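Undergrad: Each chain is listed here by its residues.
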Amino acid sequence: MELNQLTIKECHKGLVSKDFSSEELTKACFKEIKKQDKKIRAFLSLNEDGALTQAKEVDKKIKNGGKIGILEGVPAAIKDNILIKGLNCTAGSKILENYIATYDATVIKKLKSAGAVILGKTNMDEFAMGSSTENSAYGATKNPHNLKKVPGGSSGGSAAAVAATMCVYALGSDTGGSIRQPASLCGVCGFKPSYGTVSRYGLIAMASSLDQIGPFAKNVSDLKCVFEAISGADEKDATSIQKRGVRLPKVESPTPKSFKGLKIGVPKEYFIEGMEESVKKKVEEAIAKMKKAGAEIIDVSLLDPSYGLAVYYTIMPAEVSANLARFDGIRYGYSVVQPPHSPPIPTESSKQGEIEGAKNLLDVYKKSRTEGFGKETIRRIMLGTYVLSAGYYDAYYKQAQKVRALIRDDFRRVFEKVNYLVTPTSPSVAWALGAKFEDPLTMYLSDIYTVTANVAGLAGVSIPCGESRGLPVGLQIMGNQHDDYGVLGVAELCEKII
Amino acid sequence: MKSRILDRVGAIRGYLLLHIMELTGKEVEHIADLARIEISEKDKEKFQEQLSSILDYVNKLNEVDTKGVEPIAHITGLFNIMREDEIKPQSEETMKKLVESAPEHENNLVKTLGVFE
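Protein chains in written order, with my numbering: chain A, 1 to 498; chain B, 1001 to 1117.
Pulled out of the complex, with its shape left as it was, chain A reads as follows:
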């Protein structure tokens, strides 16, 4: 077994017992990246010097008899919408092609202080808008299980990097399923914590009331290690959950130790006829195994998830249009005033009115945005601008926030009857590259089972539960707000029996 194939816990054990060094482990990952990534294209940029320097430091500590933490010296990949000081951060967009982060995101600060080795930044749909990673300005990532298929999205680069063992674990972000859906399509584990559990400071904002950062890993116990390291209240993110300034207790409801006594809800609205038959079969098999292991399986009814999707495709673009207003061609990123790679405009010629293509400030805004943003980003900005515009706000945005309240209440009601919910993660396995690219609405429907967790602020995890036509199928487990460790606990139990 190659070192890059190990889990976090196996890496830690090997490092502590000096079976191998962090440098060897890190080099094994870079070797795998060099071997495979020309085809898969999971990475947008590599941090080779930084990673090896960090690895050597950990090795020195071990050599000197120092005690190391669980993530110390273990190589990770980071989605390219999370800021790392001094490194390029593109969010998959041309508009940020040359942007260098000036500070660390809180999750990066935490990973760095835990001694993590950061290998590089991973590909994604532009500003995390998409379900296939095809919307990246830097080209699509391919599914490691079949290079003709999409890896899912928007964190497709992180999912593919873990699936192809080019890193030990990765971070992604999930606004409507962008961790769980690619985890499902690439056959790895992916966790979206409940809203407010992980700080969003330093995550390039897409839809702030829905965004959460979370981990990808090879198993659930690794997800837990990373989640433990990155979660917690942060004064720099006012929406991070604080209880009188103290970090939330690790366990809100006791972490389940066995299926006995657990009530698992199966919402019938999440098993619509249209879903791929083989996906349905695999998920039903997993549920049968839980039942055999002692869980009480309860059929429950929830609002049709298509209402959740409609809420999502109203609120998300509205927040997108507001968040992406900052890309104005003046403060950072691509600008028609001075496009990247071109020599600096001499001061004399950059006097007002003399810049080619932009006659005035409004022109700078419009042209920089039009040239810098991709199609899907423009589509969502326009949609959001429309639903927030005078005369339409009440009919779209306000109505969506009301239905969102009903969806929250719907889940609250169900979580009084059951402890957790189990559904498919995605209605289908990975589809062919290009198949849904020109049809935004069909693409949006691939998020149908994952968006509700974001809309209601719930915790959700996807774990592999078999294959269909050689492609992985994912099982989603959802739990109530703040029951993150409970959800991971059930996922770990499931992992053992599937």
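Keep in mind the hints are simulated off the structure, nothing from the lab.
Treat the hints with caution; some may be incorrect.
[As the list claims (entries may be wrong)] Under the rule of at most 25 angstroms between Cα atoms (straight-line distance), these lysine to any residue pairs were calculated in the SDA-like manner: (1) B:Lys1067 - A:Asp410; (2) A:Lys85 - B:Glu1104; (3) A:Lys398 - A:Arg412.
Quantities reported herein were computed from a predicted structural model and do not represent experimental measurements.
Place chain B on chain A using the hints.
TA: Then chain B, alone, in the frame of chain A:
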């Protein structure tokens, strides 16, 4: 395999053919202007079609009875998180780097075209 999801998309398309629920070209132009985006004539038609079909889908929200329902302000129930309005000094280096991320800058200032003409 006939998928209900795809049927739904089909149904929406059919509905669009029957009902002229489409955004007009003028509306698309207005939205683009508000969003500070320039669109070509060709793209205008495409946006008209795509935005209309998405709006038609989200219109199903109006099927839901929301009488007396309070719209959500914050999903975890947070309310007015306050902090002191203090200046936290940053290092010279950070400030320099922040200004340098601007496409145009001079003497530690971000440079733009004039706001007033």
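Undergrad: Given the hinted pair Lys398 (chain A) and Arg412 (chain A), is their alpha-carbon gap at most 25 angstroms?
TA: 21 angstroms, holds
Undergrad: Within 25 angstroms, alpha carbon to alpha carbon, are Lys85 (chain A) and Glu1104 (chain B)?
TA: 21 angstroms, holds
Undergrad: Below or equal to 25 angstroms on CA atoms is what counts here, so check Lys1067 (chain B) against Asp410 (chain A).
TA: 16 angstroms, holds
Checked against the numbered hints given earlier, this structure breaks none of them.
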